[in-house]
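Trainee: So the protein lines, in turn, are chains A and B. Just so we're aligned, residue 1 is where the first sequence starts under this note's numbering, counting upward by one. Just so we're aligned, residue 1 is where the second sequence starts under this note's numbering, counting upward by one.
Keep in mind the hints are simulated off the structure, nothing from the lab. The reader is advised that the hints may include incorrect statements.
Unchecked claim - List time: in silico BS3-like cross-link candidates among lysine-lysine, alpha-carbon distance up to 27 Å:
| # | chain 1 | residue 1 | chain 2 | residue 2 |
| --- | --- | --- | --- | --- |
| 1 | B | K232 | A | K136 |
| 2 | A | K29 | B | K31 |
| 3 | A | K22 | B | K104 |
| 4 | B | K44 | A | K39 |
What the hints assert, rightly or not - Each pair of labels, with its calculated beta carbon distance range:
| # | chain 1 | residue 1 | chain 2 | residue 2 | range |
| --- | --- | --- | --- | --- | --- |
| 5 | A | L79 | B | I128 | 27 to 33 Å |
| 6 | A | K136 | B | G25 | 50 to 56 Å |
| 7 | A | L154 | B | P201 | 29 to 35 Å |
| 8 | B | P201 | A | L79 | 26 to 32 Å |
| 9 | B | V22 | A | K136 | 17 to 23 Å |
| 10 | B | A225 | A | K22 | 20 to 26 Å |
| 11 | A | I147 | B | S202 | 32 to 38 Å |
Stated by the list, open to error - Pulled a few chain B residues facing chain A out of the computed Cβ check, cut under 8 Å:
| # | residue |
| --- | --- |
| 12 | F27 |
| 13 | P29 |
| 14 | P34 |
| 15 | V52 |
| 16 | L54 |
| 17 | G78 |
| 18 | I79 |
| 19 | K80 |
| 20 | L83 |
| 21 | F86 |
| 22 | L87 |
| 23 | L138 |
| 24 | F142 |
| 25 | T151 |
| 26 | A153 |
| 27 | K210 |
All C-beta atoms in this analysis are idealised placements derived from N, C-alpha and C, irrespective of residue type, glycine included.
Each chain, letter by letter, is given below.
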Amino acid sequence: MDIFTLIFWVITLVWLGFSLKKDKGKTLKAIKMSGGMMKGIAGDILGILLLIGLILTFVPPETIKATIGQTNEVVSTVLFALLGSITLIPAFVAFPLVASLVDAGASIVPIVAFLTTLTMVGVVTFPLEKREFGLKFTLIRNSLSLIFALVIALTMGVIL
Amino acid sequence: MTFLKSQLKNNRFLMIVILAYVAVGIFSPDKFLPSLGNTWYYVKEMLMIMPVILLLTSLISAWVPKETIENAFGKNSGIKGSLFAFLLGSFSAGPIYAAFPVCKMLLSKGASIANIVIILSTWAVIKIPMLITESKFLGPEFMVVRWILTTLAIFLMGYITSRFVKPEDLPADDEAAALVDPLSLNPDYCVGCGLCAKIAPSHFKMVDKKATVISQTLSSGDGLAIKDAVAKCPSQIIRFHP
């Protein structure tokens, strides 16, 4: 277990200890509820993990690396940003998926663009957002998110 | 049988992947075990963080006083309001569309356009349990750098949007028109957590991963459970007017 995960475990367990001591009933009830929420997405998570296993076996990392290495990085970043905009999957499920791509040697710039637009730009939810906040707000917020996703991705490519 | 049917319906994606595995087992059996082996590596990583995320989400929902944060918005709340907007988004659960009804409610309480953009964006990208998952799979350095850049971008976006969009550009609240039944909800924004069905099973039921109202009749004592469900709903879509 890496140090970061360990720190989170320690913080959480200490907090849990205090919480149990202060209000046992409230704590247990909250855990039960989050458990129910987790059960709802457990099937999807297992599905995506099994799919990753399948993809990695049939498309070996060397092929992924070679394909992504050949494509122009700017083109692939824009493509990944657009791909993230039109898909609506929980980020929770997306992390292991993109990690498998990074492990296979993909560049992080398109990956960051995908992760950011995945959650912040919503083409599927555009009609819902428009109904609640109007066309102007929705258009500006989504375009700005797309632009900043690209900026964040390129900056991360420079820093890391 | 009906149980099996509903399980199949709720886990359609998992079923398709399992079918793919069956096909692999039949047509290229030598790839079957390596696929499972590759999966096992990611399952192990997931199992290391799942319990901590479950606990942390519970603790946040039990102890972070959402009402206090929500009441801290206002037209002149300035930097403090933006900070609260940031906190509210960071400590929430569910996808971005779950934030729409919450933001709508905050707008009616006087939250500014900039703060609404901040809540929507933080709600979408930088939730605390998500950060743990990100750090686990992509490394702490990756997570921290992306967090800092995204935070800067979000505050900038809030400012820019408020320059272009004025409050009168937003559609008026049409909620009053729909108040026929004492109990109603908007399934468009349901995230399928099932809390309401658990808290008040005589009034809510999960159908196709969405909550539905199954009864309008109120017996004595029902009100308390329903009010609890209204308060706990992550996207605040339940309307209750007894």
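Trainee: State for each hint whether it applies.
Mentor: Structure-based check of each hint:
The suggested pairing of K232(B) with K136(A) is violated, with an alpha-carbon distance near 31 Å, which exceeds 27 Å. Proximity of K29(A) to K31(B) is assessed by CA-CA distance (about 44 Å); at most 27 Å being required, the pair is judged violated. Between K22(A) and K104(B) the CA atoms are separated by roughly 34 Å; this puts the pair beyond 27 Å, and the hint is violated. Our distance criterion of 27 Å between C-alpha atoms is met by K44(B) and K39(A), whose separation comes to about 18 Å.
For the pair L79(A) and I128(B), the supplied restraint of 27 to 33 Å holds, since their beta-carbon distance comes to about 30 Å. At about 54 Å, the CB distance of K136(A) to G25(B) agrees with the hint of 50 to 56 Å. Distance hint check: the CB atoms of L154(A) and P201(B) are about 50 Å apart, inconsistent with the given range 29 to 35 Å. At roughly 46 Å, the beta-carbon separation of P201(B) and L79(A) lies outside the given 26 to 32 Å, and the hint is violated.
A hinted range of 17 to 23 Å for the beta carbons of V22(B) and K136(A) is inconsistent with their spacing of about 50 Å. Remark: the range hint 20 to 26 Å for A225(B) to K22(A) is upheld by a beta-carbon distance near 24 Å. In this structure the hint that I147(A) and S202(B) lie 32 to 38 Å apart at CB is violated, the actual value being about 49 Å. With a least beta-carbon distance of about 12 Å to chain A, the hint placing F27(B) at the interface is violated under the 8 Å criterion.
Using the Cβ-Cβ criterion of 8 Å, the hint placing P29(B) at the interface with chain A is not satisfied: the shortest such distance is roughly 12 Å. Using the Cβ-Cβ criterion of 8 Å, the hint placing P34(B) at the interface with chain A is satisfied: the shortest such distance is roughly 5 Å. Given hint, V52(B) at the interface with chain A, holds; its Cβ is 5 Å from that chain's nearest Cβ, closer than 8 Å. Hint status for L54(B) relative to chain A: holds, with the closest Cβ pair at about 5 Å, below 8 Å.
Taking 8 Å as the C-beta cut-off, the interface hint given for G78(B) is violated, the closest approach to chain A being about 21 Å. The closest approach between the C-beta of I79(B) and any C-beta of chain A is roughly 21 Å, which is over the 8 Å cut-off, so the hint fails. Below 8 Å, beta-carbon pairs count as interface contacts, and K80(B) has none with chain A, the closest being about 23 Å; its hint is therefore violated. A hinted interface residue such as L83(B) counts as satisfied when its beta carbon comes closer than 8 Å to some beta carbon of chain A; here the least separation is about 20 Å, so the hint is violated.
Taking 8 Å as the C-beta cut-off, the interface hint given for F86(B) is violated, the closest approach to chain A being about 15 Å. The interface hint given for L87(B) is broken, as the beta carbon of that residue sits about 17 Å from the closest beta carbon of chain A, more than 8 Å. With 8 Å as the threshold, the beta carbon of L138(B) comes within range of chain A, its nearest partner Cβ sitting at about 6 Å, so the hint holds. Hint status for F142(B) relative to chain A: holds, with the closest Cβ pair at about 7 Å, below 8 Å.
Using the Cβ-Cβ criterion of 8 Å, the hint placing T151(B) at the interface with chain A is not satisfied: the shortest such distance is roughly 10 Å. A distance limit of 8 Å between C-beta atoms decides the matter here; for A153(B) the minimum to chain A is near 4 Å, and the interface restraint holds. Because the smallest distance between the Cβ of K210(B) and any Cβ of chain A comes to about 11 Å, over 8 Å, the interface hint for this residue is violated.
This entry does not satisfy hints 1, 2, 3, 7, 8, 9, 11, 12, 13, 17, 18, 19, 20, 21, 22, 25 and 27, going by the numbered hints stated previously.
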